[in-house]
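As given, the protein sequences belong to chains H and U, one line each in that order.
Throughout the first sequence, residue numbering follows my numbering, covering 452 to 844 in sequence.
Throughout the second sequence, residue numbering follows my numbering, covering 142 to 480 in sequence.
The hints are simulated quantities; they were obtained by calculation from the structure and are not laboratory data.
Check the hints yourself; a few may be wrong.
Unchecked claim - The calculated DSS-like cross-link candidates involving lysine-lysine, where the alpha carbons are at most 27 Å apart (straight line), are:
1. 808(H) with 746(H)
2. 746(H) with 699(H)
3. 657(H) with 424(U)
4. 424(U) with 699(H)
5. 335(U) with 226(U)
6. 496(H) with 183(U)
7. 424(U) with 211(U)
8. 276(U) with 335(U)
9. 752(H) with 424(U)
10. 424(U) with 496(H)
11. 691(H) with 424(U)
12. 226(U) with 276(U)
Stated by the list, open to error - Derived coverage of chain H by chain U (criterion: at least 3 residues anywhere in the stretch with Cβ under 8 Å from a Cβ of chain U; other residues may be distant):
13. 663 to 673
14. 707 to 721
Where a beta carbon is used, it is the ideal one built from N, C-alpha and C, also for glycine.
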Amino acid sequence: MASEKKSGTGNRREFVRTRVPLAERISSIVIVILMVAIGIAIAIKGRHFNPDIFAVRTDSLKSTTAAVEGKAGTAPSSPEATAENPAPAEAPKSVAEKPAVAADASAEGGAEGSGDAPKPAVKGEPLEIALAGIKPMSDTEFYNSDNLFEKIDGRAPAYQNFNVQTLRCRSFNVTAAAGSYVDVYEYRFDSPVDAFGMFALERDPKGGPLDFAPDGYSGEMGYFFRQGTVYVQIIASDVKPETIALAKAIAQNRAKELPVDDSGLAGRRKLPAAGMIADSVSFVPENAQGQAAFKDVFQAKYNFNGSELPFFIMVTQPDDAVKAWKSFQDFCARFGKVDNLPDVNSGKIFSAQVFGKWKVVYQRAGELGGVFDAADETNAQAFVEKYLRGEIK
Amino acid sequence: MSTPNHNDAAPWSADSVNRREFLVRLGITGALIAGSGLAARKLWQPKHFVPGFEKVKGAQLRSYAPEISKVLPSLAIAHGTDHEKTIRAAMAALGGMDRFIQNGDVVMIKPNVAFDRPPALAATTHPDALRAVAKLCFEAGASKVVVADNPINSPTGCFLKSGLTAVASEMNLDLLYPETNSFAPLSLDGEVLKEWTFFNTPFKKATKVIGLAPCKDHNLCHASMTTKNWYGLLGGRRNQFHQYIHSIVSDFALMMKPTLVILDGMNVLMSNGPTGGRLSDVKPMNTIVAGTDMIAVDAYGYSHLLERDIAELTYLHKAQDRGLGNINWQDTLYKEVQA
Chain H
452 MASEKKSGTG
462 NRREFVRTRV
472 PLAERISSIV
482 IVILMVAIGI
492 AIAIKGRHFN
502 PDIFAVRTDS
512 LKSTTAAVEG
522 KAGTAPSSPE
532 ATAENPAPAE
542 APKSVAEKPA
552 VAADASAEGG
562 AEGSGDAPKP
572 AVKGEPLEIA
582 LAGIKPMSDT
592 EFYNSDNLFE
602 KIDGRAPAYQ
612 NFNVQTLRCR
622 SFNVTAAAGS
632 YVDVYEYRFD
642 SPVDAFGMFA
652 LERDPKGGPL
662 DFAPDGYSGE
672 MGYFFRQGTV
682 YVQIIASDVK
692 PETIALAKAI
702 AQNRAKELPV
712 DDSGLAGRRK
722 LPAAGMIADS
732 VSFVPENAQG
742 QAAFKDVFQA
752 KYNFNGSELP
762 FFIMVTQPDD
772 AVKAWKSFQD
782 FCARFGKVDN
792 LPDVNSGKIF
802 SAQVFGKWKV
812 VYQRAGELGG
822 VFDAADETNA
832 QAFVEKYLRG
842 EIK
Chain U
142 MSTPNHNDAA
152 PWSADSVNRR
162 EFLVRLGITG
172 ALIAGSGLAA
182 RKLWQPKHFV
192 PGFEKVKGAQ
202 LRSYAPEISK
212 VLPSLAIAHG
222 TDHEKTIRAA
232 MAALGGMDRF
242 IQNGDVVMIK
252 PNVAFDRPPA
262 LAATTHPDAL
272 RAVAKLCFEA
282 GASKVVVADN
292 PINSPTGCFL
302 KSGLTAVASE
312 MNLDLLYPET
322 NSFAPLSLDG
332 EVLKEWTFFN
342 TPFKKATKVI
352 GLAPCKDHNL
362 CHASMTTKNW
372 YGLLGGRRNQ
382 FHQYIHSIVS
392 DFALMMKPTL
402 VILDGMNVLM
412 SNGPTGGRLS
422 DVKPMNTIVA
432 GTDMIAVDAY
442 GYSHLLERDI
452 AELTYLHKAQ
462 DRGLGNINWQ
472 DTLYKEVQA
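Let the hints inform the model, and build the full structure from the sequences given.
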């Protein structure tokens, strides 16, 4: 064996070592143990991060303090300016333009100055409103979902839950009323349905309907509506008639300018207005009534013949509507008693008593809906039949 | 197959290593290990272990709290329809503003001006409340009143639209906006607040500190009242604490020992907080709560002004559990009056 190896190694001398002294073995073992111990110590240290020792050096966060364009522009820069005597609109500069406002960025970002901070990442089309009697107080401010908290702080998660994409906002002085102003907020969502969802969440139950925006209402100090993917808030600084009139004019302007898009909201359009309890409209994207087939469902409560009836509508393909109706009927039959009722105006209807509550559910073409969880069958059936006949609109 | 002759094949095999050579090798190995250890120690920077992280030792805010009285109430609840009269009534019930403010005091008032909202929407400290408190401070002998906050939105816009700029101008108050050099490190042994930057300029000359907060709903922590109001003193990316919102708010009871806190419950933002936006979110409750224990004040505010179950307001319980206040306001020495 040795001779074979030797022949393969050319001029190199073969290293054959069969006996290692005990001392060397021991020292080798000690070294290996030490290396393992060091490795374990590093792993333990690494797993137990101690914030007392490794506190954040705020200087290192400079790069994260991206200023928001227009953020500082909501007020006059002169210290003597007041709401009654605001500085000229062009006086305030945007965060990006004005070094003094780096302090604001510092306040938000904690960096001591932000000379080398990156330029604002959020930009967009300025909010220009061509109306007499208003004058911009500031530049337009832009936010996205990630930095929305810089404008509305703890309210931001509620908007993020509905996939808010951007916020564009601007303030306008009311020239006819000294010290008065109107704030315009345009929250853009990923879909009309999500915009509607957020709008519905914040809906004022006492708000009056708007003739220029179907999903909208007026409050004592503002106008709120959903159009397309945008949820618009027009907030007046006070209730002076001049301010409110301008707020309304701005709201009408925005309703005219913003594109109409009701994709996914067909069910909402079909919910009848008569008897609807204000603030009761809700949107259930999936699993309405616990049914996998019930998607994009709109629900509302109605005052009808002295009782309160929850009513829902889903609009889909006719085949899917038929399947969903049949599937719901089967579900009700498993847990209660189901009766098929005579068709009304091409609508198939069944009523069911499940767990002591009544459901009267119809299907007509691609539309599925009905009353659910009603205390008495007569009212529920009457409501659905009247709806199908077009007597409740 | 014959047994190989190791002496022939490897003349420097184990058999040929003498004692001297072994000691030399051992010495070299030991020297290498020792050298590596020394080099590692030399290169090891415990305070710069991760680039961007290092230990920062900040200041601690001193206590501005008054001496505890066994005779005078620590909590006052006043009901009325006029801001000034109701605040005066609350302060009178506490023993008068001169119990807290003495001649020559520089008083820092911390309002909540987080947003650029008009006063009617109750998302910010009402200008009438600031006016009344500032007036009482001057009447008690204050030499100067400083008003400071680090708002979420642009400071100038927030103070202007909330109406506080006008009050500051009218009452000759010092309005302090956060500037680049307004912040300093703060050290605290809080649950989450350890080392952070805070708006320290207002505290440089202040001898007394008053928190003046609106009572309002909050989307994340249920309510924003006098304890949460101190959030506005933090600098940096303070929104990162939102994930520990109840812990950070309870830490404020440790961070701040104010002279006095006043909760403005004249008009309460009951829903859609903290920003609001509709008058329908606002409910007139016609109440001012003042006291030296912000936890007790907030406990009253949550249960009686926001009309909610105190059991759900985690940050108050956390603060009480750490001995930073008394959630059972009824157990404190309190006085309820009509303005």
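Worksheet item: For the stretch 663 to 673 of chain H, do at least 3 residues have a Cβ located nearer than 8 Å to some Cβ of chain U?
Response: holds (count 4)
Worksheet item: Counting residues of the stretch 707 to 721 of chain H with a beta carbon closer than 8 Å to any beta carbon of chain U, are there 3 or more?
Response: violated (count 0)
Fill in: residue 424(U) paired with residue 699(H) [C-alpha distance capped at 27 Å]
Since the Cα atoms of residue 424(U) and residue 699(H) sit roughly 24 Å apart, the hinted pair holds (cutoff 27 Å).
Item to complete: Decide if the proposed pair is consistent with the structure: residue 752(H) and residue 424(U), CA atoms, cutoff 27 Å inclusive.
Response: Holds, at about 25 Å.
Worksheet item: Holds or violated: residue 424(U) with residue 211(U), Cα cutoff 27 Å?
Response: Violated - the C-alpha atoms of residue 211(U) and residue 424(U) are around 35 Å apart, more than 27 Å.
Worksheet item: When you check the alpha-carbon spacing of residue 746(H) and residue 699(H), does it fall within 27 Å?
Response: With a Cα-Cα distance of about 35 Å, the restraint between residue 746(H) and residue 699(H) is violated, given a limit of 27 Å.
Worksheet item: Straight-line Cα separation of residue 808(H) and residue 746(H) no greater than 27 Å?
Response: With Cα atoms ~22 Å apart, residue 808(H) and residue 746(H) stay inside 27 Å; holds.
Worksheet entry | Satisfaction of hint between residue 496(H) and residue 424(U), Cα-Cα up to 27 Å | It is violated: about 53 Å lies between the C-alpha atoms, which goes past 27 Å.
Item to complete: Decide if the proposed pair is consistent with the structure: residue 657(H) and residue 424(U), CA atoms, cutoff 27 Å inclusive.
Response: Within the cut-off at roughly 13 Å; holds.
Worksheet item: Taking 27 Å as the top limit, are the C-alpha atoms of residue 226(U) and residue 276(U) close enough?
Response: This hinted pair holds, its Cα atoms lying about 12 Å apart.
Item to complete: Assess, step by step, whether the Cα of residue 335(U) is no farther than 27 Å from the Cα of residue 226(U), and give holds or violated.
Response: Cα-Cα ~40 Å, so violated.
Worksheet entry | Proposed proximity, residue 183(U) with residue 496(H) (alpha carbon, max 27 Å) | The given pair, whose Cα atoms are some 19 Å apart, holds under the 27 Å limit.
In the structure shown, a violation is registered for the earlier hints numbered 2, 5, 7, 8, 10, 14, in ascending order.
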